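Following the hints, complete the assembly by docking chain Y onto the known chain V.
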Amino acid sequence: MPFIPHTDTEIGEMLAAIGAPSIDALFDEIPAALRIKSLAAIPDALSEMEVGRLMQARANQDGRPLNFLGAGAYEHHIPAAVWAIVTRGEFYSAYTPYQAEASQGTLQLLYEYQTMMSSLTGMEVSNASLYDGASALAEACLMAVRAHRKSKSARIVVPSTLNPTYLSVSRAVVEGQNLSFTVLPYEAGKGTLQFSKLEALKGEDLTAVVIQQPNFFGQMEDVDAITDWAHANNALVIAVVNPLSLALFKPPGEWGAKGVDIVVGDGQPFGVPLSSGGPYFGFMTTRMEHVRQMPGRIIGRTVDLDGKQGFTLTLQAREQHIRRSKATSNICTNQGLLVTAATIHMSLLGAAGLESVAATSQRQTTKLVEKLTRIPGVKVVFDGYRFHEAVLQLPTKVSDVLDALAKRNIVGGLDLSKLYPELGNALLVCATEMRTDADLDAYASALAAVLERKP
Amino acid sequence: MSITEPLIFKHSRSGRSAVGQYPQGATAEVPEKFRRRKRAALPEVSELQAVRHFTRLSQLNFSIDTHFYPLGSCTMKYNPRACNAFAMLPEFLGRHPLAPSSLSQGFLACMYELQEMLKEVTGMKGVSLTPMAGAQGEFAGVAMIRAYHRARNDLERTEIIVPDAAHGTNPATATMCGCTVVEIPSLANGDIDIEALKAALGPKTAGIMLTNPSTLGVFERRIQEVAKLVHDAGGLLYYDGANLNAILGKVRPGDMGFDVIHMNLHKTFSTPHGGGGPGSGAVGVGQRLLPFLPIPTVGKEGDNYRWLDEKDVPQTIGRLSAFMGNAGVLLRAYVYMRMLGREGMHRVAEFSALNANYLLARLKKAGFDAAYPERRASHEFIITMKRQAKELGVNAMDFAKRLLDYGFHAPTTYFPLLVPECLLIEPTETEAKEELDAFVDALIAIQAEAEQDAAKVKGAPYTLPVRRLDDVRAAKQLDLTYGMRSTE
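Line by line, the protein sequences are chains V and Y.
In terms of my numbering, the first sequence opens at residue 160 and continues consecutively.
In terms of my numbering, the second sequence opens at residue 6 and continues consecutively.
Here chain V stands alone, though its shape is the one from the complex:
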């Protein structure tokens, strides 16, 4: 019996100790009419060898295509040491550190993580993670409503250059709580927020303004001006950032004159593989003045009975297991194991390493754009400074092109024509440090062939 250690003798001894005639008798409080006889649709058990064969066959079906897709999930080098340590049983098979004395490893690691994320984002405090970047934004919107007591509107302003699924998830998560979202358009040709539309909201009661940097198109927003405008108009600012980009770019804590109020994003670029979209982790950092409104677990350093340094869950009075219906959020588990990966990853790369990864990714994307736009009919859609993604216009329908590229084992990017129909045949591409120059050439020649044009 897989994973069950009992011998027949032991089963007999245990039933005798219980005073039950059979294992079945242990279920005698369940009404007989409800008891089921079999689970017909569940297949027979497979041995580890057999299930391994099945999984490898399934994996082979999907193969390992050359990837030029980002859009919120990015392929980066992960040092071998990261997952070798993450999958140690002491991290992998431990639970939430309720018994602090028996969980100092996880707790100290989380404290180190909080320190790193606070510094990276330029904020004072960090929680121990949320589910993913999208749900972290939803939690940030709810937090802004709690933190900004003077604003009565619960109205959140978001640019249309925010990752569209982040907005969908935020709408779904806050649905029961009377928040509203005002979506502002981007400037054609630039792909950044149309500032005049923001200015048109002057004098209205806004709870928070969301800014994504770099935005969904990979373009850089004028974050200083937006942050200052929001603060001048008594709104909080929520920044959504790719944490890797912060190795190069000004941290949200320094945007504008005062810095933003809440920072969220997806930590996936730090040591977490693409793995079909999860598990990733969401991060959240903020100012000290808002710490009690922050959702999720927070670790604090303290001392034990002997005065020795130790780490523990703190500010638990915000949480569901204490506050129940009055909690700041229903969040219970977070994404501890992925934070473990990210903390090891950040430690191995350091600020210099992350800077180099970010710069190389940006350089490879620039080269990719150059190579692809040499193909007649392929154009860059937006001017201005970019990080490691770009929007291209194709001469034909994007979905057909992506299908044809997939047949050549290339994942060519994201079709934007459904999300942003006004952009026509628009494609979002990404190259990280993982893409060699030869990879870029392979993409360019495949695209040229698909479009039946010479580069």
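In short, the hints are calculated from the structure, not lab data.
A couple of the hints might just be wrong.
Said to hold, decoys possible - Now the in silico label distances, taken between C-beta atoms and shown as ranges:
no.: 1; chain 1: V; residue 1: Lys-361; chain 2: Y; residue 2: Lys-130; range: 50 to 56 Å
no.: 2; chain 1: Y; residue 1: Gly-307; chain 2: V; residue 2: Gly-178; range: 53 to 59 Å
no.: 3; chain 1: Y; residue 1: Ala-90; chain 2: V; residue 2: Leu-578; range: 44 to 50 Å
no.: 4; chain 1: V; residue 1: Met-208; chain 2: Y; residue 2: Ile-199; range: 49 to 55 Å
no.: 5; chain 1: V; residue 1: Ser-558; chain 2: Y; residue 2: Gly-20; range: 46 to 52 Å
no.: 6; chain 1: V; residue 1: Pro-554; chain 2: Y; residue 2: Glu-315; range: 26 to 32 Å
no.: 7; chain 1: V; residue 1: Ala-391; chain 2: Y; residue 2: Lys-130; range: 51 to 57 Å
no.: 8; chain 1: Y; residue 1: Gln-457; chain 2: V; residue 2: Ala-191; range: 31 to 37 Å
no.: 9; chain 1: V; residue 1: Pro-344; chain 2: Y; residue 2: Gln-229; range: 54 to 60 Å
no.: 10; chain 1: V; residue 1: Ala-216; chain 2: Y; residue 2: Glu-348; range: 22 to 28 Å
no.: 11; chain 1: V; residue 1: Gln-215; chain 2: Y; residue 2: Lys-203; range: 53 to 59 Å
no.: 12; chain 1: Y; residue 1: Gly-304; chain 2: V; residue 2: Met-208; range: 27 to 33 Å
As the list claims (entries may be wrong) - Straight line, CA to CA, 30 Å or less: simulated DSS-like cross-link-like pairs of lysine-lysine:
no.: 13; chain 1: Y; residue 1: Lys-395; chain 2: Y; residue 2: Lys-369
no.: 14; chain 1: Y; residue 1: Lys-481; chain 2: V; residue 2: Lys-417
no.: 15; chain 1: Y; residue 1: Lys-255; chain 2: V; residue 2: Lys-196
no.: 16; chain 1: V; residue 1: Lys-485; chain 2: Y; residue 2: Lys-209
Being a predicted model, the structure only gives us computed values, none of them experimental.
Built from N, CA and C at the ideal position, the CB exists for glycine as well.
Below, chain Y alone, put in the same frame as chain V:
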């Protein structure tokens, strides 16, 4: 044993780094207005220093792989290594979440079959795998109940009934969904107070959230009556799957009358808890809630699998994650279910019940007080240390902390809230009899210590990396990042 590992920042020296881990040569031309002026204060360490530091940290933890971990309501069973190994095949790790479905048929087949298997074991009609944790599954469940009433234009139904024994997430979720919480008491025998339920039901009832077996470690025997009362009043029934391990393959929430369920795949289906996540809170629904399932789900047309989205499920409560949830966790659960197979499902409930009832019988015989001595244990049970607290001044937390010295993770303490001085104990099916016996022996030894030298137990633990921590100081003198307080 007094192990200390300094903070990683203490190992840091300016200019040191693991240079082999990143490309050399690229520099970015960043315009002044966007440029970072000062590097983030990340550690500067060698690869060996990082590996040694985090390996040492790992050794400060208790875990299933190293210790018996009878944490009630958390189902800390063995996490088979095969589940991890096969979920981490390079093709699965490298698959981009938005890759075209023509390059995703292997992954999608696993997800589709997982949905089908979860439908079968829960007796539900549809499953969505997207919720990323139990609490998000709860959210999805209550949001669907709300959407159902709204779609019928039954707008007054905003009350969610929750028993006093419920997990804290239940009332927190109800609030998050814009509902008000109506709490009802449990009877002395652990069952729901049916009269209180009847009094709570009415035209405002949106639904009831139940865990069955409950967090009191007993099966709700009148569940069919409860279901009928709630349905007759126009409400729906939500099943909190925290304790699904107790009944897997024995009885199904769908057959009990539940309309929606969340499952904790990190409990029942043995995906790792990871020091507090990732979880996975897949939801299952009956016929009435099918139109509202969160997206995306996986559909099958002929031999072809594809994502189902807004176009296929127009009344969906929407998306709960940027992509499709914790895919890697779902792959692990899939591998686990395939390895257990049909017969293995039944054995989960059978042997978790055998272990729990055996442990309960032995502890009762040793003189400990069961909270519900007349009842069968489900996969977990409660003992109360009320007597020890009163007579010896040694409470449940003292016993829990002293257990750590004996090499056992503590059971869940002080939950559920309505049993004083409680220890909620869940051994799971993967523990061997000798481990359970050793645990009983430890509790007997601690009882003897408490009778002879209460202070010794109250001062525990002694052999862990730290002794009891000053939680009040942690909350009052907040020290949440290195450098926040100039104490060094």
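Consistency of the hints with the structure:
1. V:Lys-361 to Y:Lys-130: 50 to 56 Å: holds, 51 Å
2. Y:Gly-307 to V:Gly-178: 53 to 59 Å: Because 55 Å falls inside the window, the suggested range holds.
3. Y:Ala-90 to V:Leu-578: 44 to 50 Å: violated, 37 Å
4. V:Met-208 to Y:Ile-199: 49 to 55 Å: holds, 51 Å
5. V:Ser-558 to Y:Gly-20: 46 to 52 Å: holds, 50 Å
6. V:Pro-554 to Y:Glu-315: 26 to 32 Å: Holds, since Pro-554 of chain V and Glu-315 of chain Y (Cβ atoms, about 29 Å apart) stay within the stated range.
7. V:Ala-391 to Y:Lys-130: 51 to 57 Å: This hint holds: roughly 53 Å between Cβ atoms.
8. Y:Gln-457 to V:Ala-191: 31 to 37 Å: violated, 49 Å
9. V:Pro-344 to Y:Gln-229: 54 to 60 Å: holds, 55 Å
10. V:Ala-216 to Y:Glu-348: 22 to 28 Å: At roughly 24 Å between Cβ atoms, Glu-348 of chain Y and Ala-216 of chain V fall inside 22 to 28 Å, so the hint holds.
11. V:Gln-215 to Y:Lys-203: 53 to 59 Å: holds, 56 Å
12. Y:Gly-304 to V:Met-208: 27 to 33 Å: holds, 31 Å
13. Y:Lys-395 to Y:Lys-369: holds, 19 Å
14. Y:Lys-481 to V:Lys-417: holds, 27 Å
15. Y:Lys-255 to V:Lys-196: This hinted pair holds, its Cα atoms lying about 8 Å apart.
16. V:Lys-485 to Y:Lys-209: Holds. Lys-485 of chain V to Lys-209 of chain Y sits at ~21 Å (cutoff 30 Å).
The earlier numbered hints that this structure contradicts are 3, 8.
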